[in-house]
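Asker: In case you want the letters, here they are:
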Amino acid sequence: KQEVTQIPAALSVPEGENLVLNCSFTDSAIYNLQWFRQDPGKGLTSLLLIQSSQREQTSGRLNASLDKSSGRSTLYIAASQPGDSATYLCAVLQGAQKLVFGQGTRLTINP
Amino acid sequence: ETGVTQSPTHLIKTRGQQVTLRCSSQSGHNTVSWYQQALGQGPQFIFQYYREEENGRGNFPPRFSGLQFPNYSSELNVNALELDDSALYLCASSLSGAGNEQFFGPGTRLTVL
Chain A
1 KQEVTQIPAA LSVPEGENLV LNCSFTDSAI YNLQWFRQDP GKGLTSLLLI QSSQREQTSG
61 RLNASLDKSS GRSTLYIAAS QPGDSATYLC AVLQGAQKLV FGQGTRLTIN P
Chain B
1 ETGVTQSPTH LIKTRGQQVT LRCSSQSGHN TVSWYQQALG QGPQFIFQYY REEENGRGNF
61 PPRFSGLQFP NYSSELNVNA LELDDSALYL CASSLSGAGN EQFFGPGTRL TVL
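If you read the sequences in order, they're chains A and B.
According to my numbering, the stretch in the first sequence is residues 1 to 111, in order.
According to my numbering, the stretch in the second sequence is residues 1 to 113, in order.
In case anyone wonders, no lab produced these hints; they're calculated from the structure.
Possibly wrong hints are sitting among the right ones.
[As the list claims (entries may be wrong)] Just some of the chain B residues that point at chain A, by a computed CB distance under 10 Å:
hint	residue
1	Gly-16
2	Ser-33
3	Gly-40
4	Gly-42
5	Pro-43
6	Pro-106
[To be verified] Below, simulated EDC-like cross-link-like pairs (lysine to aspartate or glutamate); rule was C-alpha separation at most 20 Å, straight line:
hint	chain 1	residue 1	chain 2	residue 2
7	A	Lys-68	A	Asp-84
8	A	Lys-68	B	Glu-101
9	B	Lys-13	B	Glu-75
10	A	Lys-68	A	Glu-3
11	A	Lys-68	A	Asp-27
12	A	Lys-42	B	Asp-85
This one's a predicted model, so the numbers in the text were calculated from it and none came from an experiment.
Just so you know, even glycine gets a beta-carbon here, dropped at the ideal spot from N, CA and C.
Generate the whole structure from the sequences, applying the supplied hints.
Answerer: This is the structure we're talking about:
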């Protein structure tokens, strides 16, 4: 059974810092990995998608890496801003249908 | 291009009642997946619909059922509501095919009293 773990559960940093969020998964038989952002009480916004054959993806200040063999992904956020405050979720696509999510990292950027 | 929409936004029901949630997929997408997100947790996969047929199901009882219509929109029905069904219900649409990105709607917040 696939299990996805995100560490830390919560993170608070001052504005301008670079930071890394971690995601690990137990079964390497995945189709892809997605990072999402969720604001309180809202839906999910897709940030980055990494296919299983890829190693990393970049979008603006965000960079996500994938090491399928070790079951790890990281989301790097450069020059953090207060507007980056949200919960960040990683999810792996398994069986071509089912996204399996971690519990998320709640990020607070302090001005 | 129209994104994924869901209705209603919020819903309050009492234990034992039935509820129907609706989802319109993103333009051009033919696959809809439903997820349940309890407070403070990651979303859990309920089921997926493709070509109006259930195409995979998570660990949810049969009182959770769904439909997909020819225009690819979808409904989630929950019978005999329980207190633990209180959650944010998320719909995601995608193109069929392995590895395609899922795009999520804003969700429906269901409260069961």
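Asker: Output the indices of the hints that this structure fails to meet, ascending.
Answerer: Checked against the structure, the hints that fail are numbers 1 and 7, while the rest are satisfied.
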